[in-house]
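Enquirer: Chains as they are written, first to last, in our numbering: chain D, 70 to 385; chain H, 70 to 385; chain S, 70 to 385.
Don't take every hint at face value.
As the list makes no split between identical chains, a pair holds if one copy fits it or if it spans any two.
[To be verified] Mimicking DSBU-like on lysine-lysine, the simulated pairs with C-alpha atoms at most 30 Å apart in a straight line are:
| no. | residue 1 | residue 2 |
| --- | --- | --- |
| 1 | Lys270 | Lys163 |
| 2 | Lys335 | Lys270 |
| 3 | Lys335 | Lys163 |
| 4 | Lys150 | Lys163 |
| 5 | Lys150 | Lys270 |
Worth flagging that the hints you see were computed from the coordinates, not collected in a lab.
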Amino acid sequence: MRSFAGRDILSLDGFERAEFEHVFAVADELEPIARRRRNVDLLADKTLVTAFYQPSTRTRLAHEAAMHRLGGHVLGFADPKMTRAGDFYQESIKDVVHMLEYYGDAMVMRHFQQGAPHEAARWASIPVINGGDGWGEHPTQVLTDLYTVQRELGAVDGLTFLAIGDMRMRTMHSLGHALTQFDARMIAVAPPEMSLTDEFKAQIAERNLTIEEVDHVADAIAEADVIYVEPVVQADYTASREERGGEVSTTADNYRITRELLLDAKPHAMILHSLPRMDELPPDVDATRHARYWQEAYYGVVMRMALLALVMGAME
Amino acid sequence: MRSFAGRDILSLDGFERAEFEHVFAVADELEPIARRRRNVDLLADKTLVTAFYQPSTRTRLAHEAAMHRLGGHVLGFADPKMTRAGDFYQESIKDVVHMLEYYGDAMVMRHFQQGAPHEAARWASIPVINGGDGWGEHPTQVLTDLYTVQRELGAVDGLTFLAIGDMRMRTMHSLGHALTQFDARMIAVAPPEMSLTDEFKAQIAERNLTIEEVDHVADAIAEADVIYVEPVVQADYTASREERGGEVSTTADNYRITRELLLDAKPHAMILHSLPRMDELPPDVDATRHARYWQEAYYGVVMRMALLALVMGAME
Amino acid sequence: MRSFAGRDILSLDGFERAEFEHVFAVADELEPIARRRRNVDLLADKTLVTAFYQPSTRTRLAHEAAMHRLGGHVLGFADPKMTRAGDFYQESIKDVVHMLEYYGDAMVMRHFQQGAPHEAARWASIPVINGGDGWGEHPTQVLTDLYTVQRELGAVDGLTFLAIGDMRMRTMHSLGHALTQFDARMIAVAPPEMSLTDEFKAQIAERNLTIEEVDHVADAIAEADVIYVEPVVQADYTASREERGGEVSTTADNYRITRELLLDAKPHAMILHSLPRMDELPPDVDATRHARYWQEAYYGVVMRMALLALVMGAME
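Let the sequences and hints guide you as you build the complete structure.
Expert: Here's what the structure looks like:
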């Protein structure tokens, strides 16, 4: 297995089973620090640079929280408008990287353009972590998700993942790549205009994961061990509610996980959602035995602790 | 007295005399750290989460400065637009809390809606500090104010507080609640449309503090030991100067603390103002013996050091 | 030489040769910390306050990175709109300083008004560093630049600086002041409407630096040891690209440093640019032996480490 020290985390395409296992083992080792709520000194001599070209709460703050739990330092930007990088000049990724690489020891980047973190990694002398790139990938989210599954259900192998929502989303791509490395099934339910591309399905199938597609959640809910939910946003994804005149699109019933629907679910079936949510996951589901998205938020910190400790060379 | 460890600081309604005294004693103990300008390690293993849904300079930075003085870590957001919490999704307080609670060990929240920090505290597994909630309360500000009074005048008991300005402001509510626990007088001067509600006065009167109301500052200035000033903003409180066409409302003379007016004040009378100010407190007052609002800013850090150390369990 | 402990860094006007030499020596001493990428504890008990009234990436983050490399704490604002200081109230510098001075142990301020950091220093009990004030000065940038020259070429004495671009820029003012303390030549090339003022030239000439002005870069390129480039922005400097309808002004050929032009440069001639750049410095120049602006970014952290350690009294 390649060493993680100095390595970029850009995609789960090519991330191998032994690597998942290793990252999960390191997370297991660091988890008690988060549980005990006591920051330690493991990364006290390191600085993380956050470069967020798009708004983010969970991904940005989970990386920051992980860094602080390990005693480290954080700087960067949460909004490119606050920087020269986002203004008038519209600096190239290369120019931005040849500044940020001197300000810290690893960088997490979210960008509206697919591939931007890869471009950054091309120029950076420090590890680059993809915090979500457009419709591309979101590797640290899906590492979090699978780690949550392993913690909650004991293993990823043998499970059926029912993915619901917009299949063009970056999490769905990362999930597909990840599941090729496990003995798992993946069933997808999406509106036709938001379905998986043939190209992506072919790429995944080459690695012996056939993604099954069904039309209705109700047809597959009984088989699911993990119910993996993403919003189905009919309107412009990036427009603010205000810009859209106060309207929030209502998710079609077929893509909503209701308490009624969950009556058909396996008792241990767990729901994951990277949040924030719209109405695809009504709040009354929070009280069911299936909800695991708060745990997912917690493990989001633990997973970033593991990844940051690994790429900065503080853990083997 | 209830322990402060793990406790929320949401309101001064019900905050008891012994608790004020204890918080002031802890502040006295920590104050030399701020005075010597040397950060220590008391909270080095803790992280504070800042959740500011409204702009703030003093409240946010005083909490951050306090945390840094005690060697701690800080993360969060100063502007909800920089997060997913404030965009399109308009996440519920519950959803936001079930993320932020994993990112640190206490949370300070400012919100435009009265009661939002209380709602947060309902869900959070970590202490929540109210950094100002709409027209509600601002407990840490008034704790700062009374601590400043105690430091500057030796005690709160026996003093007459002359409160001037908009009585609907959150600081005025917290001040009223606080003074019920001391042997103090409170006199209020406000424009009629900004006066105390009968409900609030009755609630305070039940605890044996009768708030006296007079029409003119000049009628009461000679009796005041503490002159407690808030702006009287005639126009929309939240509109920026730009949005209002460059206009800044001029405070009516009756609510302005001028040098001329102060000729009638007791020699030791001290002026507090949570700042920022408009023209209710002209800059030439800064040079009088009465000005204590810079000291108030300093003690704002000291008080937050005490509160953070207490709720995070680092001080008994 | 005056001690640096507690001192403001507002201007290079009056900054003496021995002071440059001392700052460079301290930077040499601290540079291995940055090179080894390991934060130390030198400023662990100190907090830096950042007060940026204008967007900045490099200046703000280089100061923050320096502080973190030395184990210190950072707080402040990167955007005045996120604070009360920038809203409706438009607080005076005095009021803002009499708050920020209690939040940390040194302050770096960028402001759109020339002289604002000087005004801040008048009121502050802590050292104030000018992070760029309108058309005024940018002392830490030019200290970085000259330090980069010394590291790359061994010394500043004996060199010819060819300054190209808008001579009204704050870096140009700081550069002029600085070079009076060295045995150096300065040649300026600028559009007529952006040339040095007679007043500034006279002030510099009094200290025995005569700034030579030529019309064409091509006429002077062969003499240059240091090619010091700033953008020539024909349009409104502060308007965003969007506000300007997507248009970015094209720099006239006379102020562009092209590979072709560099064929006439001395082999060791080095290009500095504080970045971000527009088209005055085409990306294909990055691959020439002359480019040193990435090193400049690196030394930007080292120089701020030296300045912060000095003004906070951690280095003699």
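Enquirer: Hint by hint, say whether it matches the structure.
Expert: Okay, the hints, checked on the actual structure:
In this homomeric assembly, Lys270 and Lys163 never come within 30 Å of each other (Cα to Cα): the closest approach is 33 Å inside a single copy and 37 Å across copies. Taking the shortest alpha-carbon separations for Lys335 and Lys270, only the intra-copy value of 27 Å comes in at or below 30 Å, while the best inter-copy value is 57 Å. In this assembly of identical chains, Lys335 and Lys163 lie within 30 Å of each other by CA distance solely across copies; the values are 27 Å between and 50 Å within a copy. For a Cα distance limit of 30 Å, the shortest separation of Lys150 from Lys163 qualifies both inside one copy, at 18 Å, and across copies, at 27 Å.
Taking the closest pair of Cα atoms, Lys150 and Lys270 never come within 30 Å of each other, the shortest separation being 37 Å inside a single copy and 36 Å across copies.
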